[in-house]
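Peer 1: Could you slot chain B onto chain A? The hints should help.
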Amino acid sequence: MEVVAIDQISPDQVILFAWGFVTINATLAYTWLIMGLLVVGSIAITGNLSSERTMSRWQNMLEVIVGTIRSEIHDIAHEGSDTYFPFIATLFLFILFSNVFTFIPGYVAPTSSLTTTAALAILVFIAVPMYGIAKNGILEYLKEYFRPTFIFFPFHVMGEFSRTLALAVRLFGNLMSHEKVIAILLAVTPLFFPVVMQVLGLLIGLIQAYIFAILAMVYIASATQTHEETEHKPKKETEPVKI
Amino acid sequence: MHIDWFVFFCQIVNLLLLLFLLKKFLYGRIIGAMDAREARIASTFADAEKSREAARESAERYEKRLRDLDAHVDAAMNRARDDAEAHRKELMDKAREEVDGLQARWVETLKSERDAFLADLRRLAGTQIYSITRRVLRDLADVELEQRIVEILMERIQTMDEEERGKFRASLADGGTITVQSAFDIPDVERQKLDDVIHRCINGETQVVFEKSDNVMTGYELKTDGHKIAWSIKDYLDSLEERFYHALYEEAQEKR
Numbered sequence: 049m050e051v052v053a054i055d056q057i058s059p060d061q062v063i064l065f066a067w068g069f070v071t072i073n074a075t076l077a078y079t080w081l082i083m084g085l086l087v088v089g090s091i092a093i094t095g096n097l098s099s100e101r102t103m104s105r106w107q108n109m110l111e112v113i114v115g116t117i118r119s120e121i122h123d124i125a126h127e128g129s130d131t132y133f134p135f136i137a138t139l140f141l142f143i144l145f146s147n148v149f150t151f152i153p154g155y156v157a158p159t160s161s162l163t164t165t166a167a168l169a170i171l172v173f174i175a176v177p178m179y180g181i182a183k184n185g186i187l188e189y190l191k192e193y194f195r196p197t198f199i200f201f202p203f204h205v206m207g208e209f210s211r212t213l214a215l216a217v218r219l220f221g222n223l224m225s226h227e228k229v230i231a232i233l234l235a236v237t238p239l240f241f242p243v244v245m246q247v248l249g250l251l252i253g254l255i256q257a258y259i260f261a262i263l264a265m266v267y268i269a270s271a272t273q274t275h276e277e278t279e280h281k282p283k284k285e286t287e288p289v290k291i
Numbered sequence: 229m230h231i232d233w234f235v236f237f238c239q240i241v242n243l244l245l246l247l248f249l250l251k252k253f254l255y256g257r258i259i260g261a262m263d264a265r266e267a268r269i270a271s272t273f274a275d276a277e278k279s280r281e282a283a284r285e286s287a288e289r290y291e292k293r294l295r296d297l298d299a300h301v302d303a304a305m306n307r308a309r310d311d312a313e314a315h316r317k318e319l320m321d322k323a324r325e326e327v328d329g330l331q332a333r334w335v336e337t338l339k340s341e342r343d344a345f346l347a348d349l350r351r352l353a354g355t356q357i358y359s360i361t362r363r364v365l366r367d368l369a370d371v372e373l374e375q376r377i378v379e380i381l382m383e384r385i386q387t388m389d390e391e392e393r394g395k396f397r398a399s400l401a402d403g404g405t406i407t408v409q410s411a412f413d414i415p416d417v418e419r420q421k422l423d424d425v426i427h428r429c430i431n432g433e434t435q436v437v438f439e440k441s442d443n444v445m446t447g448y449e450l451k452t453d454g455h456k457i458a459w460s461i462k463d464y465l466d467s468l469e470e471r472f473y474h475a476l477y478e479e480a481q482e483k484r
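From first to last, the protein sequence lines stand for chains A and B.
Quick note on the numbering used here: the first sequence kicks off at 49 and runs consecutively.
Quick note on the numbering used here: the second sequence kicks off at 229 and runs consecutively.
Chain A with its partners taken away, still in its complex shape (with noise of 0.2 Å):
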């Protein structure tokens, strides 16, 4: 039995429960498994963690995913990379474990939905002029939208947008055309194909939790940066010319 059917386009069409407006459908289902998963586990292994020169094999993979997070972030923000480490890590392992448990059948990633991906991107578009506010204060950030000068104000507006429903539409579009992918060459080729394209489809995976991270993570650096680097730039003085 197929959980998303090839028509239904999306884990949002799969309603497991519904009563007036409030619906409990496939992704909701599926998001819970895997906030559950991160933080069960998270609690399991962060229950006895040890500070000293030896430690577990949990704590220490554990410690590997933070530990790179947290330098890739800094990377980027080079400084307060701390302040956005656990927004930009959420997102990261979030979409990460949703992506990699598609290899288990009858499992839908919840990222193969619009409306998760939606979600996720507004927390971006949310994100960002929170930081960039918090950062440098509301006038200075919303200056930034009229830099060079005020004509940009639109192009600056509309980049905010475009670049949201980019977030969104591309990892939804990348996971939901893979399960689809999947679906179709299970009724094509059943044997060995689809294997191929599993072990394609977490690499897929792996690459759209990365850039949706790092993306995210850009776009704050740049609200939060920007400005400081047209503040710090050195003005060129004009030399008096000797005649």
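Taking lysine to aspartate or glutamate pairs in the DMTMM-like style, the calculated list, with each CA pair at most 25 Å apart, reads:
hint	chain 1	residue 1	chain 2	residue 2
1	B	Lys462	B	Glu383
2	B	Lys251	A	Glu127
3	B	Lys251	A	Glu120
4	B	Lys252	A	Glu127
5	B	Lys251	A	Glu111
Which bits of chain B does chain A cover? Going by a derived footprint, with three or more residues having C-beta under 8 Å, they are:
hint	stretch
6	235–245
7	255–265
These aren't lab readings, by the way, just hints derived from the structure by calculation.
Yeah, the Cβ is synthetic: ideal placement off N, Cα and C, and Gly gets one too.
Peer 2: Same frame as chain A, but now just chain B:
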């Protein structure tokens, strides 16, 4: 393709909830543990560096102490060597002095023993010569030695030249006596003869006193207060002693 707005908001809430939970249960704890480990490692390295520095300082200190000790040992050895050399010289000098002293004492003892021996020899030889001479004279010439000595003395007085007689007379001018000292008792007859010769040849009024000497070597002596004539076997004995002395000395030289 549509967006379910309820699910959309649910997802936003879900993600914010996940953010909160992960921040609480994952990031904080893991980063805390990593930071604690880093701090621990840093402190371990700092401690190690401190220990290394302390060890280096200790090593330098001990090296310096070792060098000082070596120098001290060398100096002490040199000092001890010098002291030992000085002490050796002192002991050698002392030993030499002692040996010299012993040798000197030995030589002194030897000399005194030799002198004592020669004196004994002289005394014994004198006695023996005297008795031998008496016996030889008696056996060969039927002459008593003492009698012969008295005769010689009388002859001497009689053959004394005027100058010598004048000296005796001058010494007897203020009175006084003429003493005849001999190693033996002069018989009365001989005394009378001697008394006559003295009175006749030197002074007729002077009293003649006869004395016996304990020393056999004395022979005879005729003396006044200022002048005397004598005969004794002392000269023969001196010659004998000298010969003995040379004989002993040459023997000692050969033994050396």
